[in-house]
Amino acid sequence: MIPYLITIAILVIIAALIGLALNLQWGLAGLVNFGVVGFVAIGAYTTALTAPSIGWFPAMVLAALVAAALSAGLALLSIRLEENYLAIITIGFGEAVRLAILNEGWLTNGALGIANIQRPLAGLTERFGGDIVFVVFALGVLAVVFVALEGWTRAPFGRALRAIRDDATISAALGKPVFALRVRAFAIGGAAMGLAGALQAFYLTYIDPSQFSAIVTSYAFMAVIAGGRGSNVGLLVGAGSIMALLEGTRFLKDFISVIDGVQLSALRLALIGVGIILLLILRPQGLVPEARRKAADVLAKSREAA
Amino acid sequence: MVAQLFLNGLVTGLLLALPALALTLVFGVLKFANFAVGAMLTLGAYAAWVANTQLGLSLPASAAVAATTVALTGIVSDQLVFERLKNRDSISLLVASMGLSLVLENVCRFFLGNASRSFEVPISRPMRWEGLRINQEQITTALTVCVCLVLVHLLLRHSPLGRAMRAVADNPSLAATRGVDRRLIARLTWALVGALIGLAGVLAGLDRSIDPQIGWNYQIPIFAAAILGGLGSPVGAVAGALIIGLAEEMSALVIPTNYRQIVSFTVILVLLLFRSNGLLSAKAVRK
Numbered sequence: 233m234i235p236y237l238i239t240i241a242i243l244v245i246i247a248a249l250i251g252l253a254l255n256l257q258w259g260l261a262g263l264v265n266f267g268v269v270g271f272v273a274i275g276a277y278t279t280a281l282t283a284p285s286i287g288w289f290p291a292m293v294l295a296a297l298v299a300a301a302l303s304a305g306l307a308l309l310s311i312r313l314e315e316n317y318l319a320i321i322t323i324g325f326g327e328a329v330r331l332a333i334l335n336e337g338w339l340t341n342g343a344l345g346i347a348n349i350q351r352p353l354a355g356l357t358e359r360f361g362g363d364i365v366f367v368v369f370a371l372g373v374l375a376v377v378f379v380a381l382e383g384w385t386r387a388p389f390g391r392a393l394r395a396i397r398d399d400a401t402i403s404a405a406l407g408k409p410v411f412a413l414r415v416r417a418f419a420i421g422g423a424a425m426g427l428a429g430a431l432q433a434f435y436l437t438y439i440d441p442s443q444f445s446a447i448v449t450s451y452a453f454m455a456v457i458a459g460g461r462g463s464n465v466g467l468l469v470g471a472g473s474i475m476a477l478l479e480g481t482r483f484l485k486d487f488i489s490v491i492d493g494v495q496l497s498a499l500r501l502a503l504i505g506v507g508i509i510l511l512l513i514l515r516p517q518g519l520v521p522e523a524r525r526k527a528a529d530v531l532a533k534s535r536e537a538a
Numbered sequence: 039m040v041a042q043l044f045l046n047g048l049v050t051g052l053l054l055a056l057p058a059l060a061l062t063l064v065f066g067v068l069k070f071a072n073f074a075v076g077a078m079l080t081l082g083a084y085a086a087w088v089a090n091t092q093l094g095l096s097l098p099a100s101a102a103v104a105a106t107t108v109a110l111t112g113i114v115s116d117q118l119v120f121e122r123l124k125n126r127d128s129i130s131l132l133v134a135s136m137g138l139s140l141v142l143e144n145v146c147r148f149f150l151g152n153a154s155r156s157f158e159v160p161i162s163r164p165m166r167w168e169g170l171r172i173n174q175e176q177i178t179t180a181l182t183v184c185v186c187l188v189l190v191h192l193l194l195r196h197s198p199l200g201r202a203m204r205a206v207a208d209n210p211s212l213a214a215t216r217g218v219d220r221r222l223i224a225r226l227t228w229a230l231v232g233a234l235i236g237l238a239g240v241l242a243g244l245d246r247s248i249d250p251q252i253g254w255n256y257q258i259p260i261f262a263a264a265i266l267g268g269l270g271s272p273v274g275a276v277a278g279a280l281i282i283g284l285a286e287e288m289s290a291l292v293i294p295t296n297y298r299q300i301v302s303f304t305v306i307l308v309l310l311l312f313r314s315n316g317l318l319s320a321k322a323v324r325k
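As given, the protein sequences belong to chains H and E, one line each in that order.
Going by our numbering, the first sequence opens with residue 233, and the numbers climb by one from there.
Going by our numbering, the second sequence opens with residue 39, and the numbers climb by one from there.
Hints are computed from structural coordinates only; laboratory data are not their basis.
Don't take each hint at face value.
As the list claims (entries may be wrong) - Where chain H lies over chain E, by a calculated footprint (3+ residues, C-beta under 8 Å):
id, stretch
1, 119 to 126
2, 291 to 299
3, 305 to 312
All C-beta atoms in this analysis are idealised placements derived from N, C-alpha and C, irrespective of residue type, glycine included.
Bound-form chain E, shown alone (with noise of 0.2 Å):
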């Protein structure tokens, strides 16, 4: 039961990764908590749903079809909204993100309605191993968000874009000097995030129906991920998710599964209040 749990937990920790490590990336160049990732999340599992199911797409087919569509959406929602917040304060552009959200999301129930929809992929049976039981879902998701992760890494780490994203998160104006194009970099990065949501928003759909709410289910353990491990910091992202994961699946063994939600929002209380800044990263919080 215990190894079950963490299984669980473990996979829903690398589901949250992909949006939490998206949120980071967004406040690290940016310098806002995009309230939207939950929306375009959404949005990535409808992309997908549409690609699979009336355009008779295979899976990984349709996937693609959401990175797309959630990271042009990105950079479209950049260019109309976020760039011309820019000189504002952080405060302005996450009321902004939270207009985008209502946009977004509203969108996906205009042209598909509240119905619960779920992918045409079949059914398979759960795999037994020393007793645990493994879903093919599990094994795509924990597979796909692995090679994401190293990719993202590889990029930040070892390319000339990630080099500049970096540099930018740092500092803007020193970047800006050395020759840094800002609006390419803040482009590059919305493709690069919206790329990551809108997979992850296809894998919430093979774990749980689509419905215009989604992505909204996973906003607060996203948060919690991203500020679990200090805002700003990609490692941390990824650290604060399979903790948060984790928590909300062992949970279980403790209180009633209904309170499932409120166990992120509770852990990045307790965490603020006795230390303020993150796990891992060392950004101040406090006012």
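Only chain H is shown next, with the shape it has when bound in the complex (with noise of 0.2 Å):
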């Protein structure tokens, strides 16, 4: 039962730093990516490639600054183009991500993937519980980007995106340099990405281009729309409870006899459509929506003050 617990807290950790990247670019810029799992990919691949030599933790910081760096070109190429545009150019990046992957064998291997990576603190573990140690450093991991997401989200910068997200026009009249700062929304969210590929790739100790299917992408939308769109402590509760449910399923089949293994994924992803659906018609400002200042509150202060 452990072991089980410690894959889906490890799962749920990786889909809720994704959910919290594209947190940031969909939920407070207003920006689609429907390629998260580009990124991701690209992510786990730099960490897997370049950690033997360069040792695991600037490992993940090259992963996160290449995921990144890659993040930016896409948004000075495309931010530009109105939602639905934006929508496919993304898409088209993921699956160019993973084609690339896939037959460009000299360096990812191909199809075959990039076994026996090394876990990071892997003297502690023999020590202390096994992977224990890692649900302890995914968490850490977290827990940094979540502080620097939430910061940045209170900050003069996050306001300026929230305004440019609900009025993109006013913003510019304002001021606002609207272009810079989705780009760079962009590519703050990319290198969140990156960095959660670089742990899976830790964790799994082995990648291959199947884990990173439009699926990962679709947990992320899942995990954002249940948090409730620019609300990070929402897409941590919210989006953790879901996916800690969805991930449980994953499980049954060893207490399910009825329906096979192939089924069961079929009807968890089954699932996720409906969560999506149903959370977009329901409740689309989240299980915990976004905090919104009242402009009478503001207004009320000044007038007592003066």
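Quick one: dock chain against chain with the hints and give me the complex.
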């Protein structure tokens, strides 16, 4: 039972990390990204390829940087486009990454993938109860990303992004550098997705292209919608519980014999689809809505002061 | 060699024309990009496969079953999902259609598994003409699509339904003022769109093996074709589909065939950078 819980915990942490990244891009900045999985894959492969020669920490930093750079590049090319077009460009990017990984065997070992990736702190793992060490490590990464993103959300940067999301024209008229802020938001989100990929590579110690299907992207969208667009706390609370439930069903196959593994995974994915639709219809503001100050509060205070 | 690739590209383009047309019609009338177009195509292919191999129907009859199934699915999804979200921004509808896409694809996977299937049709010898190989399936595809395109054209241009659809696409509130029932038009659009995608699914199943990912393989080319033609323009979608089909097949001359799938992605990226209105339409795509 304990190994199950640990696996679920780590998968949820990785999903939450990706969710936080998408929450910055889509929730806060209003930039839809259907190519999430591409950035995660880039992070994972960067880590797997460089960690043996430069060590795990530089490899993770590099994963974040490479994902951020590609993210910024894609944003520079396409972020001015209207949402529906940005959506398809990002889907195309995700597919392009998958094809490149599959076909550039000299670098990525193609469909066979890369095995024997060394986990960080492998020495400690031996001494203290195995995978628990990795859960703590992953939680640490999640905490760092969460604190950084939450800081940015509250900072003028986050407020400007929200303003741009709600009305780009007015923000531009007020002197906000709309384009530059959007590219930055996209790049930071990309970096967090790269880190999630790095964690995935370290945890599974084996990566191949089949791990990076469009499902990863759907999970991230479900997480953001469930949590409430723009709310990082909501993402962790709401998404965490829903992801735990969904991931939990992964292990039902040991207890249920009526349906086989393929059917169970199909059922889980269909449930995610139903979940996305139901949440959009019934609770568009998410489980923990984005905190908003009303104009009246601010005005009342300034009147009192005067 | 070049002529052969050109021919293949033309047929691939015709196959893409139906779903691209469907995508563009939904965008015109309901104002969102239907991400579930690929999954609906998968559903059509499976519906025809069940009718063909399990119920023993002929291929044309199976195609009718597929068109009906997907049309009904379209109407039901509109009723259950899209109608309830009609006042949201188009991206919410896009994300909802992503959810629908997961549901449809995995319903197929749940009942029929991941195995590759194919129709029970007699294997026929390809015809040879002036050094070209022309498959029976290619002729079937070309003829079916051409008939459908003529029918859709007549429907859009010369029928009250087509006029009403164009009116709603053009200006929904004005259409409502003139007594056009938006609900009814939305349902009929879904029925038409579903039938087109269902048929495309059958044609796709003739071209390659049927598995739960069959529709996903066409997803990016379909979007590329519709965007190339300017989202919302039916003629543009068909022209875009032909261009994408040709570009995909002809790309074999210059790049490894493994990368064929990103040709359409590259085409739209370049197009959107330099000419953001699509080839034929003039809708604003920039923020």
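Comparing the hints with the structure gives:
1. 119 to 126: holds (count 4)
2. 291 to 299: Check passed, 4 qualifying residues.
3. 305 to 312: Holds: 4 residues of the stretch 305 to 312 of chain E have a Cβ under 8 Å from chain H.
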